[in-house]
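Colleague: For reference, the chains in residue letters:
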Amino acid sequence: MNATLPIADRATHQLSSSNPVSAVPSTQRHSALVRVTHWLTTLAFLALLLSGGEILLSHPRFYWGETGNVNMRPWLNLHVPSSRRAVPTGYGYVLPDQNGWSRYLHFEAAWLAVGTALLYGLFGVFSGHFRRNLFPAASDLSIKELGNSLLRHLRFERPGNEEVWSYNVLQRLSYLLVIFVLFPLMIWTGLAMSMGFTSAFPLSVRLLGGQQTARSLHFLVTILLVLFLFIHVLMVLVAGFRNRMRAMITGRAIPPGE
Amino acid sequence: MNNVSRRKFVTTGLAVAAGASGIAVAAKIAQHHGLIPPDAGVLYGPGETLTYAAQRLLTRHSMAREFSRDQISTNPFANPVDPLGDEFTRLHAASFVDWQLTVDGMVTRPATLSLAEIRSFPITTHITMIGCEEGWTYIGEWTGVPLSYILDRVGALPQARYVVYRSIQPDWWESIDMADALHPQTLVAHRMNGNELPVPFGGPLRLRVPRQLGYKNVKYLNHITLTDTLKPFGKGLGGADPDGGYAWYAGI
Chain A
1 MNATLPIADR
11 ATHQLSSSNP
21 VSAVPSTQRH
31 SALVRVTHWL
41 TTLAFLALLL
51 SGGEILLSHP
61 RFYWGETGNV
71 NMRPWLNLHV
81 PSSRRAVPTG
91 YGYVLPDQNG
101 WSRYLHFEAA
111 WLAVGTALLY
121 GLFGVFSGHF
131 RRNLFPAASD
141 LSIKELGNSL
151 LRHLRFERPG
161 NEEVWSYNVL
171 QRLSYLLVIF
181 VLFPLMIWTG
191 LAMSMGFTSA
201 FPLSVRLLGG
211 QQTARSLHFL
221 VTILLVLFLF
231 IHVLMVLVAG
241 FRNRMRAMIT
251 GRAIPPGE
Chain B
1 MNNVSRRKFV
11 TTGLAVAAGA
21 SGIAVAAKIA
31 QHHGLIPPDA
41 GVLYGPGETL
51 TYAAQRLLTR
61 HSMAREFSRD
71 QISTNPFANP
81 VDPLGDEFTR
91 LHAASFVDWQ
101 LTVDGMVTRP
111 ATLSLAEIRS
121 FPITTHITMI
131 GCEEGWTYIG
141 EWTGVPLSYI
151 LDRVGALPQA
161 RYVVYRSIQP
171 DWWESIDMAD
181 ALHPQTLVAH
191 RMNGNELPVP
201 FGGPLRLRVP
211 RQLGYKNVKY
221 LNHITLTDTL
231 KPFGKGLGGA
241 DPDGGYAWYA
251 GI
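Protein chains in written order, with our numbering: chain A, 1 to 258; chain B, 1 to 252.
Bound-form chain B, shown alone (with noise of 0.2 Å):
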């Protein structure tokens, strides 16, 4: 072996050690910073993680866009849902005076709020627009009480990562991450244009993130988990849209 080969060696093995090892350690430096998605190990893992790592640098504090009244859509679509079984009808027959939501996990003082209770709580209104995977949307005003005031309220522990959050609907499940969780404009949204939240539109209660896609604004929410890991939920992956393949942030 030559000189200038056995340096061409010799540079090309430090290259590759400290690619090597600069991606293990921004992996860790990701991972600390809550950068790495649920869903990262999954076949498109590696443009999901960029694509949340990037937004998650970029909006950890941004706000959705709002729209000024005469923006909001006359014509609002509601996908529809499967049937949503007895106990929703015997519910809203009595006008969901008997909606409960539970909230627990990583929280110090696990609760079981009523409707009544949650509509007596502050809250916050904004007009912002639903967005669907599949391309539509609308803008509605949304009116209901901010999750983080919720998530005070019962005392959430500094350790928790994610919220985890449930429809009445089995299987109807979403998780998001604490910058989503803590954001202002994320509500607990019991109101829509200001008339109570149609059924259509998830109501009585709906999970409003608006800087992501409707799948991830989950209808008829009646559980929140606070969490420090997903892997026991489902398949690990932070919901039930995951589970069937779809990417679990969804600020894209």
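Chain A on its own, in the form it takes in the complex (with noise of 0.2 Å):
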């Protein structure tokens, strides 16, 4: 992908922390393929929380092991309105049905988000993404380091210049959670919850601990994502929205200052 590039582009696509940033001007900052499957998963996750959340409505409760239901004790209950009858929830009614919509776009929704992590994720091998945009650097690995870029960003600080080009650490770790535990542990759990799949599969969900265990972890690694985008979107806040949103949609950044 890299041999491609033309070489002034290749330039700015090397850019590190250790640049330096004022000998390049209003240029490149994401490459296309970044800024399209960056926004197709956006569209995927939020279908996906959507139609999830409304799934959930039909049995607000959470089990552990394989087996779960209404006769049985749950280790965790919503106690949100139900979209069935047969969940006591204590409230006086009974929310309408949606669940038919709700699963068939759940799981078109996460045929995209699969594919679109296809594509991000060869391109981030083949083209270097992953080891130049998210490996953090050995010596940005430090204690010090991490509970230097831990503080700034508990301080809302504004970041520096260098940021307009390159993740800080504590961004690269968090970007490699999503991408490399949390997403791939959503589509094993989800998969583990289907009959079909498990029966090709069993191990996909004997080794989670059983369907309704697949389910809660479904559910928990959802909050951590959930947490994830807010985290994120208050983060590019702090960061210059304007500056940030331009380099997502067109690619491009213009350096402070300027």
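Just so you know, the hints here were simulated from the structure itself, not pulled from any lab data.
Treat the hints with caution; some may be incorrect.
What the hints assert, rightly or not - Computed Cβ-Cβ distance ranges for the label pairs, DEER-style:
hint, chain 1, residue 1, chain 2, residue 2, range
1, A, L118, B, P200, 43 to 49 Å
2, B, E66, A, N71, 21 to 27 Å
3, A, V181, B, A18, 36 to 42 Å
4, B, L58, A, V125, 55 to 61 Å
5, A, R206, B, P184, 17 to 23 Å
6, A, E145, B, V16, 48 to 54 Å
Backbone N, C-alpha and C fix where the C-beta goes; we use that ideal spot for every residue, glycine too.
These two chains come separately, so use the hints to put the complex back together.
Modeller: Here it is as structure tokens:
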């Protein structure tokens, strides 16, 4: 991938936190593939969140192990209204059943997410995007550096110039966590609930500890992803909404002070 | 138009044409191998087709997970059903001795089987999970006649592609493809956990498809029809639940 880039583009692509920034005026920040997959993922994630939340309303309780139903004790009862009469909620009403389109949309959006992830993953490996932009430098991984970065985040400090061109260490670590841990876990726990899938791959659910455990983990990882989304958007606001959005939409960023 | 842009134009055109005909050919092949679900034409058809095709390629012969006896749920849950009507009440009062299962459509010997006959057929037992699309599950031991045995007995024609099955409950019907219909774990179940199948769980007869969700496991089964097309049934989407907006394939 890199080999096909014109020299000028390659230079800006290879910018990292150690490169001097002032030499490069308004220029390439995110490659087209990163931008397209970012927004496709956003679309898929919002659809999955909406439809998943809706499906959850038909049984807002969670169990460990293989089995769980209203005759059994859940480890978590969300105490929200339900779309099923059979679930006692304490509310005097039953929400309308929306599971038909919700389930259709959930799986269609999951296909979009998986397809996008494959594209992004291949690009990440073969273009050097992961190595260059996501894997943190060894020197950034010391307790002191991580602590400093954490403090800067907690103080909501507007990042310095170098971060217009490159991710900071906490940002890299959280993106790595989402891309290589939480996203695969989401797909895994989702598939482990499918009786068709587990008939072909029984270990997928056995390793997790059961169908209901898979469902509980699917929910817990969702909470982590929503937390990530909140912090991600908050950090974009702190760092400068206009410039960051411009970079993720047009690919170009304007260096601060111009 | 210079050379470069003409070449680009031609290659783009060729790529688009190849892509389009590629999709058309793929659709033909998929149709031929039974990888297109009957609800492929609905709003969410593309995702549904991917799900069904992917699962069929992976699961045509795979077996639903079976559990040990000590994993059988002591507190299974039966979703409540609408009142079952006068005919059911009458049959129930007579211990279902007059319950009948009609098998027709693309078969050489259409038959109406009595409950006693069905109970005399060879049985299969498996301890499997029932999972509801709502998210809850239980494990039970199911005993019944493999559907494939009954299909053999009535002489299912090789052109048959789907089995449509109905409940005594009006407007409660579903269908499965032959991969599921001939699957060794697919049962016309008449016993559960060692007893006659209780009414809340679908007794006297329930179609048990353990690789699919609860809503494909129709209770109070009394009619089976073999067909090569689902078009004439309801809205043509293959079941009462698909007609109501649910996916026809419920392996996920």
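Colleague: Each hint: holds or not?
Modeller: Status of the hints after comparison with the structure:
1. L118(A) to P200(B): 43 to 49 Å: Between L118(A) and P200(B), where Cβ atoms are some 45 Å apart, the hint holds.
2. E66(B) to N71(A): 21 to 27 Å: With Cβ atoms ~22 Å apart, the hint holds.
3. V181(A) to A18(B): 36 to 42 Å: Taking Cβ atoms as reference, V181(A) and A18(B) lie about 38 Å apart, which means the hint holds.
4. L58(B) to V125(A): 55 to 61 Å: violated (25 Å)
5. R206(A) to P184(B): 17 to 23 Å: holds (21 Å)
6. E145(A) to V16(B): 48 to 54 Å: holds (50 Å)
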